[in-house]
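2 protein chains.
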Amino acid sequence: MPGASLTLKPALDAIGKAIDQRFDRLLPVPEDSRARLFEAMRHAAIGGGKRMRPLLVVAACDLFHVDRERALRVAMAIECIHVYSLIHDDLPCMDDDDMRRGKPTVHKAFDEATAVLAGDSLHDLAYDILADAATHEDPFVRLELIQALSAASGPMGMAGGQMMDLVAGDALYDLGAVTRLQQLKTGALIGFCLEAGGIMGGIADGQRTPLRGYARDLGLAFQIADDLLDVEGTEAAAGKALRKDEEAGKATFVSLLGLERARTQAQMLIDQAILHLASFGQEADLLRAIARFAIERDR
Amino acid sequence: MPGASLTLKPALDAIGKAIDQRFDRLLPVPEDSRARLFEAMRHAAIGGGKRMRPLLVVAACDLFHVDRERALRVAMAIECIHVYSLIHDDLPCMDDDDMRRGKPTVHKAFDEATAVLAGDSLHDLAYDILADAATHEDPFVRLELIQALSAASGPMGMAGGQMMDLVAGDALYDLGAVTRLQQLKTGALIGFCLEAGGIMGGIADGQRTPLRGYARDLGLAFQIADDLLDVEGTEAAAGKALRKDEEAGKATFVSLLGLERARTQAQMLIDQAILHLASFGQEADLLRAIARFAIERDR
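So the sequences go chain by chain: H and W. Each residue of the first sequence is one higher than the last, beginning at 0 in numbering that gives the first Met the number 0. Each residue of the second sequence is one higher than the last, beginning at 0 in numbering that gives the first Met the number 0.
Where hints are given, some of them may not hold.
You can't tell identical chains apart in this list, so a pair holds if it fits in one copy or across any two.
[What the hints assert, rightly or not] Straight-line C-alpha distance at most 30 Å; calculated DSSO-like pairs for lysine-lysine:
1. Lys-107 x Lys-243
2. Lys-249 x Lys-239
3. Lys-249 x Lys-16
4. Lys-249 x Lys-8
5. Lys-107 x Lys-249
If you're looking for bench data, these hints aren't it; they were derived computationally from the structure.
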């Protein structure tokens, strides 16, 4: 389906612009020695990335006709968490990456200590945005979002997945273990994006099964596509170093399944993700377009 | 006043035990490769430190007869933030410390990447505790606590102060600048501890002036005492490396004021802190005892 990414292009452009504008407003540089910290946060947060997670929040909110402004506030919170995790992930003691989103990583453009603090600060900012009374969100909605975010981001979610990934260097992971690792490392935050739509849409916990099914399948397809990109892509297009997993001898979906089966598996997951949306009409079109886009990025 | 720390001893013992028990319950080690992350969190969080910040929350709650169990939940959140900040502060790229609270720092006992993730995870845990519906706290109270915490911990608070401290290596700070730096780096979290008492006690924003005055004076006295300890103390008693500021050529209250004037200044600030409590009776005795204890620690 070569047209799918074309369909998504205006939505990606719009969300990119909206997120950049909001970060610019949210991070004015103070006139004292904290300036360096804010400059580092801006370097990481503004002008880069596909903003897939913010777009997922907006698309999930579309399902329940949640106002775009409300969706964008939560989208900012999840992007703060994503950017913080990238900054810390890129540190020399973690993945040791020099480039990210086509720019030097924060510890390269600034220094390691500033990178640690910039990540920590964006981490706080995410919760600050969700708690903010200015959201006019019902207080129970705000609290449920905060709890869902801490579960997705913390030691049983994303951070736990990163720990598994670190330990993976010494262990031999099979397909089940790699799936579990990725469901935490990248899947937990993607799960939050969909869950947020349900929470803001006032959908009861028991009614969120299609959202969770979509998120799970999309998250895995997304990761397989990332693994494929790591093998087949160019560093210029990806904006970061590639083929690091292979060098480190880490098990990935591609190393475990082979190129051909990995591709088939990703396509199957995307078909499945879209099937979870069967009970929705046009209001799910953006989620469907995102799913198709997930496996045809930047090749 | 040699009797002051004796008065505080039972309270310090009780809070230490309560916090340890709660961390033990809160951080069960999972049976997968996330285990290492939880072990690192437990290493940092359990069995160490004077638990001054939790004790301050409890003491501030005493002022308004807030139930001890409610106070302890918020005390756990602030201790999570404090411990996360110590883990990241101790990293080689930050203060590069090998010992903390008489034990190897997390990156020494584990590794740097695990230390980054353990800090990040405790950071999430703090917000999770405050948002938790199980607190039975009014939702507006929970949200106000979360916003106060993110302001105290984030880039305009503690993290901003740490940035100032990093930049200080290259700049010549005078007394005003060092005061401002410390009011953010250590003062912001101390301010939160007192503010939390006011929030949970249902005290209107405009009525919290004595709490803020006490916190500001105590925070500075605490830091001067720390600077004095850094010059006069023993590493065995402090449980960490000392005299690092002097080696780094950093301006401190002691280097700027001299020993004698620093001591007088700390005493004056403590007298002032206690004066802010003049309108309270016995219910402020714990806060008074903490203030006196602040300048006679571990010599």
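Now for the hints, and whether the structure bears them out:
no.: 1; hint: Lys-107 x Lys-243; in the structure: both (18 Å within a copy, 26 Å between copies)
no.: 2; hint: Lys-249 x Lys-239; in the structure: within (18 Å within a copy, 38 Å between copies)
no.: 3; hint: Lys-249 x Lys-16; in the structure: neither (36 Å within a copy, 43 Å between copies)
no.: 4; hint: Lys-249 x Lys-8; in the structure: neither (33 Å within a copy, 52 Å between copies)
no.: 5; hint: Lys-107 x Lys-249; in the structure: both (25 Å within a copy, 25 Å between copies)
Going down the numbered hints, you'll see the structure goes against 3 and 4, while the others check out.
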